[in-house]
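Protein chains in written order, with the working numbering: chain S, 1 to 352; chain B, 1 to 799.
Calculated from the structure, these hints are not laboratory results.
Hints may be right or wrong, so weigh each one.
Said to hold, decoys possible - Cross-link-like lysine-lysine pairs, in silico, DSSO-like; alpha carbons within 30 Å at most:
hint	chain 1	residue 1	chain 2	residue 2
1	B	K444	B	K638
2	B	K60	S	K75
3	S	K297	B	K336
4	B	K576	B	K755
5	S	K75	B	K108
6	S	K75	B	K322
7	B	K336	S	K75
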Amino acid sequence: MEAQRTAPKAARAAGVTSITEGRGPQWAPAVGDGHGTLARNPGTPLDLDAVRALRVNRSAVERRAATLPGRRTVKKEWQAAWLLRAITLIDLTTLAGDDTPGNVRRLCAKARQPVRPELLEALGVAHLGIRTGAVCVYHAYVATAVEALRGSGIPVAAVSTGFPAGLSPLKERIAEIRASVADGAVEIDTVITRAHVLRGDWEALYDEVRAMREACGEAHLKVILATGELATLSNVARASEVAMQAGADFIKTSTGKEGTNATLPYALVMCRRIRDYRERTGHLVGFKPAGGIRSAKGVLEFLYVMKEELGDRWLQPDLFRVGASALLTDIERQLEHFVTGRYSAAHRHPMV
Amino acid sequence: MTSVAEIFETMAYGPAPESDKPAREWLRRHDGAFGLYVNGAWTAVRADALFDVQEPATGKPLARVTQGSAADVDAAVQAARAALPAWRGLSGHARARHLYALARAVQKHARLFAVVESLDNGKPIRETRDLDIPLVARHFYHHAGWAQLMASEFPGYEGAGVVGQIIPWNFPLLMMAWKVAPALAAGCTIVIKPAEFTPLTALLFAEIADEAGLPPGVLNVVTGDGSTGAAIVDHADVDKIAFTGSTEVGRVIRRATAGSGKKLSLELGGKSPFIVFEDADLDSVVEGVVDAIWFNQGQVCCAGSRLLVQEGVHDALVAKLKRRMETLRLGSPLDKAVDMGAIVAPVQLERIRTLVEQGRAEGAQMWQPSWACPAEGCFYPPTLFTEVQPASSVAQVEIFGPVLVAMTFRTPSEAVALANNTPYGLAASVWTENINLALDVAPKVKAGVVWINATNLFDASAGFGGYRESGFGREGGREGMWEYLKRSGAPSTLDARRSDAGAVAEARVQRRASSVEGGDSLPAIDRTPKLYVGGKQARPDSGYSQRVTGADGRVLGVVGEGNRKDLRNAVEAAHKASGWARTTGHARAQILYYLAENLAARGDEFAARLRAMTGGDGRAEVEAAVSRLFTYAAWADKHDGAVHDVPIRGVALAMHEPIGVVGVACPDEAPLLGLVSLVAPLVATGNTVVAVPSERHPLAATDLYQVLDTSDVPAGVINIVTGARDALAAVLADHDDVDAVWYFGTREGATAVEKASAGNMKRTWAEWAPRDWHAADAEGRKFLRAATQVKNVWVPYGE
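In isolation and in its complexed conformation, chain B is listed as follows:
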């Protein structure tokens, strides 16, 4: 035993263990083995279906949980389905009471949750006690509020239905709260699968939610591995899937749900930049880095794992960082005075080791502090790589461990370029004492969350979620609620899925044309619409054209048959026009008004063209299109973001940013109005567009070329490529430099688009049930929300 007198001399830290007794007693009460929580009851433990859960700090078995089978998942989904009408039918106030009770229940058992989480995951008790669990309670409180306000704040909307949720092992209970709280608030019922490494707090939560009086079937917890998750994803009676985890699995889920009509939100991986400008408070930066990459052993999807430092302060910062790394303490997760605990599992430890070795082999300089890691258990020391090039694998691959790579930049624009030099886009930190620089860089970084002079700040009131391959959808705040809502009474996505209406391939009229429409006695002057790319008409690369037949079967003309090269050019043109995003809302409104004005001026001609093509009321369609352009001209300077009331001295600015380059496959019904209804909201919010007009009735779109030319629409903002819709849509969906695809066509086409979109995790909006484009719900906020993504910029302040 070390004596007081000795310690008085050395002034060393000693052990400060948190007791794990209550947690182990809880496990003992369950005989260390758990069934599933389905329909408000625990299933009997089946010895043959159990698997071991280990304690990462010791490698010893902690408990045994049930490997949920497809039949178990089915029972859970049925329970959730049965509970849905009553739960959705409750008043918002009643659901608010339930959520409030859950928040209180979490607080009442806060330390038990914290210790169980720490045992199960290996993360330090300080983090579970001071961060995870308080944020869990906060999430339920915040969403109790949304439940209370559902009717007034989301009029006309209701819960999306039965949701399947699959959560990761890095923040087990917190991720559960992020998923469960908004779903319950919205009126959804839930089947949730915790990660196989870390299922225990989910089971404890089920137990406590049960005690708190959550009705049976509203929350079902099914443990298991990836196959259990797949059973949830594939289940026909689930309306929405919410997943947090790797981009790899996210892709699998995107493909699996393609064409199913299920709503989907994905929160995936990242390789988030941590940008340090030369005027930053470097000592504070060092602590920021600690919180960015050594928080939760770096097993954080939004970990600031790429340190980008302005060249002039690189050496000074690295020296400070190394000094700080020497004082980090790593050890038993239950020691109250450690900074880092254990890595979640041996397989993860091995992955970190392999990637670090690869980084060394590629020539990067690795540095670790002089103290030694515990030899037993899953531990890995904080690690810094310098002399890293963007090409190094450690600079590209998400390591998901306590490994930081440092690179330098010369200028703010180079910092942004390096920051964005990744397929991911989850989060970013920007450090500078210059507000002009900070607020200039924040919008330029492709990331769903940007922290100014801070890192890893989370709150229930501010949405969290990614850009690009970091996924889509937001968790938290008003923006997060939309993920769990659908229009009241609207056919559920499942009903639409069951409907075959849109899937019926219409028989193509292939009547032979007698003549090309001409005037009077003279032959008509040939008018050949080409493609519209980069503000110019371009011949189709294929050299082929398609006939366009009218409602009466006569050939009305021909349009170019666009192919993948034409789309490639159009996408390039759209990227060149990306400055459109930086024009003011007012300027975009002016151009949309001008477009409307010029379309109206040629209204007769368009009306005649539409009538000839569709046989419908062309006049009404033109008028509706003009009105729709007015609608989005009106919105262009009004689709404001928000300032979230986050619990810091500062603000979180929820900015609505355009998604980027969006491919649009337009519906056949309402060939002009459909195109305008989709393109206008995208353009109004700053996106640039590659549109594939109605395949059957493309001439209204090709007639638009001249209107676009005369309306000051900058070259490349709207590109139009005619041709076979599904084939072209598939190319767009496959294109890694297209950020989103909107598809309105057949179910087969929608399925192909959604599947292919997994390539770069582009956002998709796919419908196959025909829409009434004249209806009130064919315009408005829903379109604007789909055209934008929310970036939350956290700006703490105070001098």
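With the rest of the complex left out, here is chain S:
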């Protein structure tokens, strides 16, 4: 049964604030730096009035977040397809104190081949070249990852700037970005100084992100807001706004090390800022939830948020990434279940 007929009624379309204009090419495996042809966000001068006027009603946002997963679901072929898409959006990540070249290389191998080939065959998607969106490591392993991923087209992202607290001297943080870029990272995940947000010092935050952007050069800048440490959703909205004005290519929720990491309310607030920024400036900024997304069901909820709040354009890896590692295994299990009809087990899939 067809749940919805989407034949457009052209006559009625006039006057719609379309969020689909500027739609890029349909999904294609990223080439080179993984950023496709998307124009970067150049940022804008700091607009303090716009920042300070932002207000977010936490209860209302939480209500929307609580009901959205009940309003949307995908089943069968649709679920399999959406999960495959989710894989291409993953920044496959290891950020542990005990990382070694060995486990980073294992991660990279998994990024190249995230799903067992016979499953991809069975799903009829072997030709799509499914692999993860990027691999994300500490600076120390950028070179290792670049080497391991050579020829795959998978970009390497580095967490920089005194991750995760971001409290080392700015000069050192900037130097760290440059070093990671020099080692071959084409995406830099930076953290902000939470104190700037908590003190309402938006100029300082703007200058900090500007400086990071400048240090990134051609590498794309993902700005981690550490939402779990910003106290209020209004602060999350304001920090998002300032980061975008300062030229962030992506805004990202969390380091994974805060008490609360990626949640749907944070996603809603940040996506709504991205949408407004787009409508005001025409610039497209990406979104990356990270931390705590471990299940296939969980990642689908983030995909619903993107589709509903920002539109299909934001379901592509140049505008949406999910920071995760264990998630991949759960997706593989669900895909195998779809193919075989039997519940799968983690040990049947090559470990991350």
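Knowing the structure of chain S, use the given hints to seat chain B on it.
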């Protein structure tokens, strides 16, 4: 078949059907045809009495149910009557166990209920699964608690008796729970009629309640159309009617039950405002609007159907709304990923279409999203009207469909004025990040429920119900329990109805007066009491006066013969004094104490006057009146509301608000004490009053003018119009700007008042059995409850 690879490219949503197999199996088990559930058994299916129930999403027949006849209703009422003593006689704890079992039974069969409801009504399975059915269970749990606590929390009260309940099609099982749970908790037995479009979950509930061990006769389900409902309303052996539905039918029921002595609660239509101030979180507002008007396809009595937006953010909000409307998904109600399902029936779809066409014809701008509605089945797309004026019919009429009208305002006071510019008063949403503004606006909006930065929040612990023509009575919470209670052992309303005591028209003493009472040798100085309107004595418009004769038959004086124009002026004066509602309880107490003080100071004079008029103990009556004024002075700052424990991070403030302008027709027994007993609680709670004093003994009231003048009672708070009680009461009951009428007189007069009150659905309190106004039950909370209405203000919080 769409391939995984294709979907991977398009990232479209696919079908996500909920299985309807168990629901259809349940229908098959009944051969698709249902009898009535009466006295714990199913009546045999009579082929000639069946009518079809359709599935709105497909238009196909779903089942056949029985058209309940008057005889069926009578059998059901008799069963309920027979079951009443045992059910009422159970301990609260025993009834609590039954309600608890019902809650559990609903949960055990939750998905079956959800699917049957969705099939029958057309609403999305997401709503029945996530909202309707969980709220049903919650309602039974909550009321299991009230049953348990009956004795301690409602001492001296018992179930009102046999209740007739008539419920609508928009939330079939939920409305059943709202009605059944408090009635069972209170100890009432029930005859309930589900809506003819959507009877199936009520039948399923009967089946499951039966299995859960509810005793026979306690709950009877009679299906049918309006005529079945009318048979319940008209049945002589029903003590209370509870109805949810249109204001139109509510009026018919009010008129039909007038003078019957039946308790009545009505939950009727609405055209609820959704007020957005410029500092609101607009993205959240958009989702609020979705939940307000596109929830249940807009077929919600409290739907936020009038969007009032502060001018500066209107364009931004409308743009956001249109964007959001594009992403709403409409389709099969059993698809788990749709936002909107089907309209309940073709006739309703046609009504929506007609009203929308009318709105366009009147010049409003209509907008609908670009996607197409399914062509088959009863579907209507989400619709937005802009450039709507308050005068447009789409801004006035309850459409009961997914149609939103948007208007702008400039200031908070204009927002309130627009919000209240409707005969209805069911619910309102207020969106602002400024708590000062939110909590200032909430009390000013005429609505029984106000949601701050939220909409359509419901819970069993917070009363739901309307102001004005949205009806009266509350469902849920402590306030809702009162609808199903009466004083223990007190004659049931039916007994009072059967009693002719009050209906006997007393023969009027018409002895000729020999002389007007004067003093000593000089003729008395003429003292002509006029009417008391707006703090001034006013001559009656008629130019006529009536003689007042005393207990001994002598003429004691004359009073003005008030007429409709005098009442019109008095009502206007009472409205001008509406600031009284905003004075503090302390200030109102001070004035009532002062009134008592000044009345006591002239106690001898009043006592003599009363003795002369009634021949009774005037002194005792004056003392009782002084004490009663003290009672309500005491209450003025103590009739607190409550903070309900609703299951959100936030509070629901149950505020006791005055009803407004109240007409009072006073009893002849105890002419001073009766008047004081009725006027004082009204005034103490912030109402303004137009009182018609005892027709036979009006002089104690006219003597009060000077006492009122000297006691700082603000002009217009208490107005007194003497004259023919029943005629004046009828005018008050007919007056659309009078919010309530209390009538204490004859049964004929009470019937006329209750009938006429249907005009604007004003609240009435009518008694015809004489009361002992000195008795303990002639004052207290019952009077305060009648003088106020509960507004529940939901305030979610969290930063």
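Tested hints:
A C-alpha spacing of about 21 Å is found between B:K444 and B:K638, which places the hinted pair at or below 30 Å, so the restraint holds. Of the supplied pair hints, the one linking B:K60 and S:K75 holds, its CA atoms being roughly 27 Å apart against a limit of 30 Å. Pair hint S:K297 plus B:K336 holds up; C-alpha atoms about 15 Å apart against a cutoff of 30 Å. Taking the CA atoms of B:K576 and B:K755, the gap is about 27 Å. The hint holds against a cut of 30 Å.
With a C-alpha separation of about 26 Å, the suggested pairing of S:K75 with B:K108 holds against the 30 Å cut-off. For the suggested pair S:K75 and B:K322, the alpha carbons sit about 28 Å apart, so the restraint of at most 30 Å is met. Among the hinted pairs, B:K336 with S:K75 is consistent with the structure: their alpha-carbon atoms are about 10 Å apart, no more than 30 Å.
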